[in-house]
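A.B. asks: Okay, here's what each chain looks like letter by letter:
Number of protein chains: 2
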Amino acid sequence: MNKPPKIIIIGAGFGGISIAKSFINKKVAVLLIDENNYHNFQPLMYQIANGGLEPDSIAYPVRRIFRSNKNIYFRMAKVFNVAVSLKKINTSIGDFEYDYLVIATGSQTNFFNFEPVKEKLLTLKSIPDALNLRSYILQNLEKSLATQKLENQSQIMSIAIVGGGPAGIELAGALAEMRRYVLPKDFPELDLSNMYINLYEAAPKLLSVMSGEASAKSLEYLIALGVNVNLNAKVNTYDGTVLSLEDGTIYKTDTVIWTAGVKGAPIEGLAKEVIIGGNRISVNSYNQVLNTNNIFAIGDVASHISEQNPKGLPMLAPVAQQQGKRLAKNILNLINDVPMQPFVYKNNGSMATIGRKKAVVDLPNWKFQGTFAWLVWMFVHIMSLVGFKNKLIAFLDWMFNYFTYDKPLGLIIRPYKRK
Amino acid sequence: MNKPPKIIIIGAGFGGISIAKSFINKKVAVLLIDENNYHNFQPLMYQIANGGLEPDSIAYPVRRIFRSNKNIYFRMAKVFNVAVSLKKINTSIGDFEYDYLVIATGSQTNFFNFEPVKEKLLTLKSIPDALNLRSYILQNLEKSLATQKLENQSQIMSIAIVGGGPAGIELAGALAEMRRYVLPKDFPELDLSNMYINLYEAAPKLLSVMSGEASAKSLEYLIALGVNVNLNAKVNTYDGTVLSLEDGTIYKTDTVIWTAGVKGAPIEGLAKEVIIGGNRISVNSYNQVLNTNNIFAIGDVASHISEQNPKGLPMLAPVAQQQGKRLAKNILNLINDVPMQPFVYKNNGSMATIGRKKAVVDLPNWKFQGTFAWLVWMFVHIMSLVGFKNKLIAFLDWMFNYFTYDKPLGLIIRPYKRK
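Respectively, the protein sequence lines represent chains A and B. Using our numbering, you'd call the opening residue of the first sequence number 1 and step up by one each time. Using our numbering, you'd call the opening residue of the second sequence number 1 and step up by one each time.
It is possible that some hints are incorrect.
For chains that are exact copies, the list does not tell them apart, and a pair is met inside one copy or across any two.
To be verified - Cross-link-like lysine-lysine pairs, in silico, DSS-like; alpha carbons within 30 Å at most:
hint	residue 1	residue 2
1	LYS78	LYS419
2	LYS6	LYS149
3	LYS70	LYS272
4	LYS88	LYS125
5	LYS143	LYS205
6	LYS3	LYS118
7	LYS311	LYS3
8	LYS125	LYS311
9	LYS26	LYS329
10	LYS88	LYS143
11	LYS143	LYS78
12	LYS26	LYS325
It should be emphasised that the hints constitute simulated quantities derived from the structure, not laboratory data.
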């Protein structure tokens, strides 16, 4: 009997998990590798930052997902590079050979012109990031209490968010709700009218990935929650204290959260010409990496340029998941000498939530906003969380939250020191 | 109208919270200070280490506890010292004057002869400690998978616990249950019979603070769970790899958890003669610090030597809580020129749990062990957790845990690097 073909998947995000699941009980040996030992539900990361959810509600161990599957192996390791000619990857725990390689390494923060000052910014890309942000905001509220001058208090407490995409507006809304419903009870001595939440977006509208209705309504919701939304506001630099815009405006704040962009996070060792716009890996319609036959890329890190999608598909979880499912079938086809089928993205719609009863939903043929949108959003996200236990606890957390406005506990477990 | 007397309480542990609560709505202005912004339920710390509970289940923000009480103020700060003659304390956020000072700073780990190598040990005194321990154990299991030699695997996976008191046996039991019920499913590739859990206790019996029945039964439980219990085992040193005993025995392990003792954590600035055995502050029967009239100490950091208690009272939460309640009344008496009453400790019993259906309970007139003891233990601890939300979630976590043996998720959120 022949040994089953070895497939290595790098990355346990939405794409990596999706393709690995599709290989369960197939005649292949799958090695899934990630730096972390858990898969996390990135769309709810901002809920960790404001304390609405705890890490165990949005993260689930990869080993647990594939517990009963004998052909899926997991290793926690950092991948350094791929040696294409040797069909080998080099990692922090040694080398591994593959017959087929799937790169599902996702995206990383794109700091653009803020690259030189990135250490002074806070981000929301990982659970430790989100926990640091939570600690930092709470530490600053404590610090304000020990500060006499009102002007200084305001600088310490206020928060600037750069980027008006889904991550930025969801975070801005969550923080504004925290300021309105939670902080006055926990910090009665602070004058919270000095705590500003400022959102900066370079484009003339928010949420440009969604419909005009969703953009307009999310702006309305944020204004209602007291967020200062600055459109057409191009940020220039930040020195740790002063955030300056291109038009010369300056704003003093100790907290700048960067949600202004992401770029691909490809691995080292691929040919230069393979890395295209947005630092993504160029793939064909089968998600095959340019000029290779056994290396594939899916999700945020992959980009298939076509006439319909001159910039590639959007960097969204459903794209990665659908590509994972299709690619698993295609690799099995390849093994069995059956022609592969091109990937076709099915857009099921998108949504974002700004606060309680304040969400926007774009379905292919129906756009709606408000309480019902919020309920739909909540339902979809709870159902998407991995694992029964996670769903139950997250649901109870949220129910409790909804009825009492009492959730964000605000524990500073590990104080964060910004550079 | 006179200004109300200013009372400063240092420490938001069981003692500090208890006395602060007793001052609610009294004619005093209370400033409660702690390094952390939360109170934590220390007796369940080991449940954080094995992943049975998350931090938000055993920690609760101090501000939240006193949310609706106008005469209790909280500040998150580190106290550097007290200037007794000036009636002032110096902290990381400035100086504060007091009329009455209550020191409730608790205890710290006592490393005894291991002081020089303490950075190589893991401890269980704070939530970050417990989270580090959790990450470290899981990282080592991942590391074992990437290690070829069985001998090295065993050294990496195995765990030594020094100290057979409540903290040591509860942790040993929890880790042994994790090894038996959880790890075989998550790490089917690992031969877990090479993962040893060794407990070292210098005395001839475990749990010497409790009854003979409790000692004997806890030994029986640990052995049943596969823990290697070493009694009369005095540890000599640890070099990061080899743990050696005084009798010359050596044991190779990457993980040594130190639960062998605590000592008082007094603040600086008190007279030298006030610090007595166990690094505790000498107090009289009113918890008044020796040679002072407006400085008091309660809980682990305080020691009242008497004929009945030649070593002072045990360092236990109920002692601190009862002293806090009594001292609040005594300080009010002092303010109102009424004689103070001496503190009398009421021992309501003690308990420890080794695993599911395996607990030991000593009541003043009744000692029992086993399933009923475990249910009593569970009930008492759930009822003790601060805050309705915490109780509910902790209860659900535990119920789920009990029915499915499925809880400890094992998320390595922040990898820990031992020195």
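A.B. asks: Does each hint fit the structure? Answer for all of them.
C.D. replies: Hints versus structure:
Within a single copy, LYS78 and LYS419 get their C-alpha atoms as close as 25 Å, and across copies as close as 21 Å, so both meet the 30 Å cut-off. In the homo-oligomer, the alpha carbons of LYS6 and LYS149 lie at most 30 Å apart only across protomers (24 Å), although the nearest pairing inside one protomer, at 64 Å, exceeds that limit. In this homomeric assembly, LYS70 and LYS272 never come within 30 Å of each other (Cα to Cα): the closest approach is 37 Å inside a single copy and 65 Å across copies. Within a single copy, LYS88 and LYS125 get their C-alpha atoms as close as 29 Å, which meets the 30 Å cut-off; across copies the closest is 44 Å, which misses it.
Taking identical chains as interchangeable, the C-alpha atoms of LYS143 and LYS205 are never at most 30 Å apart, the minima being 34 Å within one chain and 48 Å between chains. Taking CA atoms no more than 30 Å apart as the test, LYS3 paired with LYS118 passes in neither setting, with 48 Å inside one copy and 49 Å between copies. Taking CA atoms no more than 30 Å apart as the test, LYS311 paired with LYS3 passes in neither setting, with 40 Å inside one copy and 69 Å between copies. Taking the closest pair of Cα atoms, LYS125 and LYS311 come within 30 Å of each other only inside a single copy of the chain (22 Å); across copies the shortest separation is 53 Å, beyond that limit.
Taking the shortest alpha-carbon separations for LYS26 and LYS329, only the intra-copy value of 10 Å comes in at or below 30 Å, while the best inter-copy value is 72 Å. For the identical chains of this complex, LYS88 and LYS143 are inter-copy neighbours only, at 20 Å across copies versus 51 Å inside a copy, given an alpha-carbon limit of 30 Å. In this assembly of identical chains, LYS143 and LYS78 lie within 30 Å of each other by CA distance solely across copies; the values are 12 Å between and 37 Å within a copy. In this assembly of identical chains, the alpha carbons of LYS26 and LYS325 lie at most 30 Å apart only when taken from the same copy (13 Å versus 66 Å across copies).
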